[in-house]
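A.B. asks: As a plain string of letters, each chain reads:
2 protein chains.
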Amino acid sequence: MKVLLIEDEQELRRSIRAFLQDVGFLVESANDFPSAMEKAEQYAYDAVLVDITLPKGSGLDIVRMLRKQNPNTGIIIISAKGSLDDKILGLDLGADDYLPKPFHLPELVARLRALIRRKQFAGNQAIELDELRIVPDDKLVEVNGQRVDLTVMQFDLLLFLVANKDRVLSRTAIVEHVWGEMADRLDHDHFLYSHMKNLRKKLLEKGSKDRIQTVYGLGYRLSSHA
Amino acid sequence: MKVLLIEDEQELRRSIRAFLQDVGFLVESANDFPSAMEKAEQYAYDAVLVDITLPKGSGLDIVRMLRKQNPNTGIIIISAKGSLDDKILGLDLGADDYLPKPFHLPELVARLRALIRRKQFAGNQAIELDELRIVPDDKLVEVNGQRVDLTVMQFDLLLFLVANKDRVLSRTAIVEHVWGEMADRLDHDHFLYSHMKNLRKKLLEKGSKDRIQTVYGLGYRLSSHA
DNA sequence: TCCTCGATCAACAGCACTTTCATGCTTGCA
DNA sequence: TGCAAGCATGAAAGTGCTGTTGATCGAGGA
Numbered sequence: 083m084k085v086l087l088i089e090d091e092q093e094l095r096r097s098i099r100a101f102l103q104d105v106g107f108l109v110e111s112a113n114d115f116p117s118a119m120e121k122a123e124q125y126a127y128d129a130v131l132v133d134i135t136l137p138k139g140s141g142l143d144i145v146r147m148l149r150k151q152n153p154n155t156g157i158i159i160i161s162a163k164g165s166l167d168d169k170i171l172g173l174d175l176g177a178d179d180y181l182p183k184p185f186h187l188p189e190l191v192a193r194l195r196a197l198i199r200r201k202q203f204a205g206n207q208a209i210e211l212d213e214l215r216i217v218p219d220d221k222l223v224e225v226n227g228q229r230v231d232l233t234v235m236q237f238d239l240l241l242f243l244v245a246n247k248d249r250v251l252s253r254t255a256i257v258e259h260v261w262g263e264m265a266d267r268l269d270h271d272h273f274l275y276s277h278m279k280n281l282r283k284k285l286l287e288k289g290s291k292d293r294i295q296t297v298y299g300l301g302y303r304l305s306s307h308a
Numbered sequence: 083m084k085v086l087l088i089e090d091e092q093e094l095r096r097s098i099r100a101f102l103q104d105v106g107f108l109v110e111s112a113n114d115f116p117s118a119m120e121k122a123e124q125y126a127y128d129a130v131l132v133d134i135t136l137p138k139g140s141g142l143d144i145v146r147m148l149r150k151q152n153p154n155t156g157i158i159i160i161s162a163k164g165s166l167d168d169k170i171l172g173l174d175l176g177a178d179d180y181l182p183k184p185f186h187l188p189e190l191v192a193r194l195r196a197l198i199r200r201k202q203f204a205g206n207q208a209i210e211l212d213e214l215r216i217v218p219d220d221k222l223v224e225v226n227g228q229r230v231d232l233t234v235m236q237f238d239l240l241l242f243l244v245a246n247k248d249r250v251l252s253r254t255a256i257v258e259h260v261w262g263e264m265a266d267r268l269d270h271d272h273f274l275y276s277h278m279k280n281l282r283k284k285l286l287e288k289g290s291k292d293r294i295q296t297v298y299g300l301g302y303r304l305s306s307h308a
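So the protein lines, in turn, are chains H and A. Counting from 1 along the first sequence, just add 82 to a position and that's the residue number in the numbering used here. Counting from 1 along the second sequence, just add 82 to a position and that's the residue number in the numbering used here.
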């Protein structure tokens, strides 16, 4: 996994780089706008981490260019400005995630991993698992060629399960990823039960295999070879 | 999270131990070289804190041994010698971090937590033993490619056995490591018998080799070359 | 405005897992 | 060989987790 790190503060750049390399990424880095642009144009990365405030330019321009050039590159904005505008603008331009400084490095790694996994399923490519077919961009799910109408929540839930197939996912992890920030509430589990039930029901009704398994005491797992 | 603390100064050892336990670590400690070596060899810890200057030996030898034995154990050197040589030597030998005395305990905890998290991310790899395959993060166990559904207890138990493969583990040690603090109020032997039985049964059912051996009067051992 | 549908939430019933218990088998040693 | 201690087994009790049902709430459409 190849990552481009665009960050002008030397100390931060070093620590991020070291940490990422520690956990197995290949890292290249750039410390100002021109060199970042050059590297970003020249090579294809799996993911790019970009600071918004750079010497001689704005990270937002890099985001714009990257997105135009290659839709498969994951883009995470890291920015000191906690400003909502920046966040919205960045995501509008096509960034995939936004991480305000200061952040914990393991958090960055987690998001990076999640992003790369997601990207593998992106594009307009369908994900196929025997009888199950999912087209993320079209929000389409089919079982044996027959369309299954899912609500947005159910769709996102299914996508997250499929993107992490054969892994046990904790309820907490699921809620955090699918419902995002509003996950602070207490009574997570019970409303997840309901959504799970509805999702399973709809899939089974259409004749899908019983792929979503409950792992007692841990969470859920979607099996690829049911 | 299990930590081994190797430190000869009694007062310091006590305060570190107390502090770490307060914030939720399970702590074992050793106060001289031989006993440290014994414990370090005997069990797999999540992390080891080791003082360089010890009675009857050097902490550096412990670092060397630990690193050779188990790449997944985090190692932090704590040393009064601020000498650069020691630091470099220690890190070269495979320690993950270096903390000169005197230090603040919260600082130690912070580094310890960071280290363990990093190690967990790095340790995302599967453990393979012929027909047996374990992916800790996915809570996945496979025998000849076929999934084995284990309960949480069974999984933790198996992981501990595998992490200490080819080593005889006493019942007490197993219970303490897998069940942690609540180990006191349990009827040790009897319920371990049950869990062992269930674990063996599930593995054998899927066609695994008979790896878990009973060592009469001592405990159990999981063989890597069954 | 009412109506419908989906999201959320609480309560309860059922079940899986854990732990204990009673019993019988195996091992090491005299 | 016999006996004590150590170990395995199956069954059953107890605990906590999960699925289900159904009520409430709010958004969007008629």
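To be clear, the hints were calculated from the coordinates, so they are not data collected in a lab. Check each hint, because a few of them may be wrong.
Okay, derived cross-link-like pairs now, DSS-like style, lysine-lysine, Cα gap no bigger than 27 Å in a straight line [stated by the list, open to error]: (1) K138/H - K84/H; (2) K288/H - K247/H; (3) K138/A - K121/A; (4) K284/A - K247/H; (5) K291/H - K247/H; (6) K121/H - K84/H; (7) K138/A - K291/H; (8) K288/A - K291/H; (9) K221/H - K201/H; (10) K291/A - K247/A; (11) K201/H - K138/H; (12) K247/H - K288/A.
Interface residues of chain A toward chain H, partial, derived using beta-carbon atoms under 8 Å [said to hold, decoys possible]: (13) D220; (14) T233; (15) V234.
Note that the coordinates shown come from a computational prediction; the quantities given were computed from them, not determined experimentally. Each residue gets a CB set at the ideal place from its N, CA and C atoms; glycine is no exception.
A.B. asks: Hint compliance check: list the failing hint numbers for this structure, sorted ascending.
C.D. replies: 7 and 11
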